[in-house]
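Peer 1: Chain by chain, the residues run as shown.
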Amino acid sequence: MTLEERFDVILAAEDKIEPADWMPDDYRKTLIRQIAQHAHSEIIGMQPEGNWISRAPTLHRKAILMAKVQDEAGHGLYLYSAAETLGVDRDQMQTLLHQGKHKYSSIFNYPTLSWADMGTIGWLVDGAAITNQVMLTRCSYGPYARAMVRICKEESFHQRQGYESLIRLCSGSPEQKAMAQDALNRWWWPSLMMFGPHDTDSTHTEQSMEWKIKRVSNDDLRQQFVDMTVPQADYLGLVVPDRDLRWNEERGHYDFGEIDWEEFWAVVKGNGPMNRDRIEHKVRAWDEGAWVREAALAHAAKKEGAIT
Amino acid sequence: MSEPVISTAPQGAPASDSSDPVRALVAHADDNLVLAQRLGDWISRAPELEEDIALGNIALDHLGVARALYSHAGHLEGKGRTEDDFAMQRPEREFLNALLVEQPNGDFAHTMVRGLLFDAYQVELWTDLSGADDSTLAGIAGLALKEARYHLLHTSSWVIRLGDGTEESHRRAQAAVDALWRYTAELFEGAASEYHDIWRKVVGEVLDEARLQIPDDPYQRSGGRRGFHSEHLGPLLAEMQWMQRSHPGLEW
Ligand SMILES: [Fe+2]
Ligand SMILES: [Fe+2]
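Residue numbers (the working numbering), protein chains in the order written: chain Z, 780 to 1087; chain X, 868 to 1119.
In case anyone wonders, no lab produced these hints; they're calculated from the structure.
Where hints are given, some of them may not hold.
As the list claims (entries may be wrong) - Far from chain Z, some chain X residues (derived; all Cβ distances over 10 Å):
#1 Gly907
#2 Asn924
#3 Ala926
#4 Glu961
#5 Arg1016
#6 Gly1032
#7 Thr1033
#8 Gly1057
#9 Tyr1062
#10 Arg1067
#11 Asp1075
#12 Glu1098
Said to hold, decoys possible - Simulated crosslink set (DSS-like; lysine-lysine; CA at most 30 Å straight-line):
#13 Z/Lys795 to Z/Lys1081
#14 X/Lys1013 to Z/Lys932
#15 Z/Lys932 to Z/Lys808
#16 Z/Lys808 to Z/Lys882
#17 Z/Lys932 to Z/Lys956
#18 Z/Lys882 to Z/Lys956
#19 Z/Lys1082 to X/Lys1013
#20 Z/Lys1048 to Z/Lys956
#21 Z/Lys1081 to X/Lys1068
#22 Z/Lys991 to Z/Lys882
#23 Z/Lys1082 to X/Lys1068
#24 Z/Lys882 to Z/Lys1082
From a predicted model like this one, the values you see are computed outputs, not experimental measurements.
For every residue, glycine included, the Cβ atom is placed at its ideal position computed from N, Cα and C.
Taking the hints into account, I'd like the entire structure generated from these sequences.
Peer 2: What follows is the structure in structure tokens.
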């Protein structure tokens, strides 16, 4: 059996490809791109939520939010490690992010403007992430699939906490409920955009499905998310900002309106509300930490020198 | 070394009463809350990802201790005050934290040196209080002691790396010691005076290994335990309390 045949046999048998196995170059490249992008999303995603840590309304909420942002940093760390098994290192990936050559989820290019955004992000953004990631726990690449199992558990926890915090707002004062509605208005469409372009416009989907990296198409995932989320919005007494949204008895799914694809592509191309700010923040932190990392290396070298 | 010259609260400021157990609990809680608030600002801004996580963990530890102490203080006081009443509803003048913890994060060296000076103090404090007659306090102190030992390990190893790293890191670490040393005598006012010497020894050993000098300047600042703060606490509280102040009386 050739290496390539062996690769195909593993895929067909639903077994996992492991780092030492032979794999096609493009499979490796696709995975690196996808896992790095996923890791960067976790890391950039710390910023919009980090924005509210200092202002959380209670100590309990502050602790939950801090712990959540911590979890996201941990997700970034596992994912960078998973990508490293494919032969890139974290610094390389970070440099590409800083140079704008690697992407991260566009959802984090929107600003967090009220406390309700914290609950809404947990509910919608972590919710959409789970919808995407459950499929990835069955991804053909072992280290990625295993990282996703652990991450998914924490994401569901985040989603429940976010939703719970919205229940509190929606059963509170009119001003709290208005805050929640405003947050849903701003986050709904960007959340639907998290699933990417229509299947017909998605360049990578077909090959990724063949390789069993991706298991469900963008549009199917988006539909799943809408079907799961609309009843949750109803329960909160919030109105989903989509006039075309209605239950379709025949299809057994919600019909919903068309995404503003102009906005979608503008944000992907770097022209969303916060694209510049996010990267500037990231690069500033990295550059300001340079002397610290240099000091750690210099100190380690001195210790090494003293021993040998 | 010369005797410290302590610049304290002005004449006419209320005296601190460390014999009041509620007041003492609140002072310790305030230390932890204010430091947690400061450390939380590092999240997403640390020199490396591992450090974002470490600083966040330490912030969470301090926040947890603050919450436990406020709740206990509220219980002892018996007026129904909750952790959030203490944290969100008191003005600056009623906060009793030491001045050290409210000092700005500055650069990473400032944050690590501030941490070292404070963590070494807390290790002694919690060791002492884990034997307190008040069993709730003793329990909180016992858990906090384990955390404080880990925090001290973290900050002391960074201070050593920075002090004995590059020329730049040494310069920055020394500047941090010079700037923060003046807030240390205050930690040992009252009952804590007993463990000043051991603290001085622990910190001295770390600074020695880091090739850092304790400044000659005998000037020491005090007043935090009496609500006579530096100008840094007000903005921190304004930000932290903003939600509760602008939407009073709501559940979150
Ligand atoms: Fe995550
Ligand atoms: Fe999450």
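Peer 1: Which numbered hints turn out to be false for this structure?
Peer 2: Failing hints, ascending: 1, 2, 3, 6, 7, 13, 18, 20 and 24.
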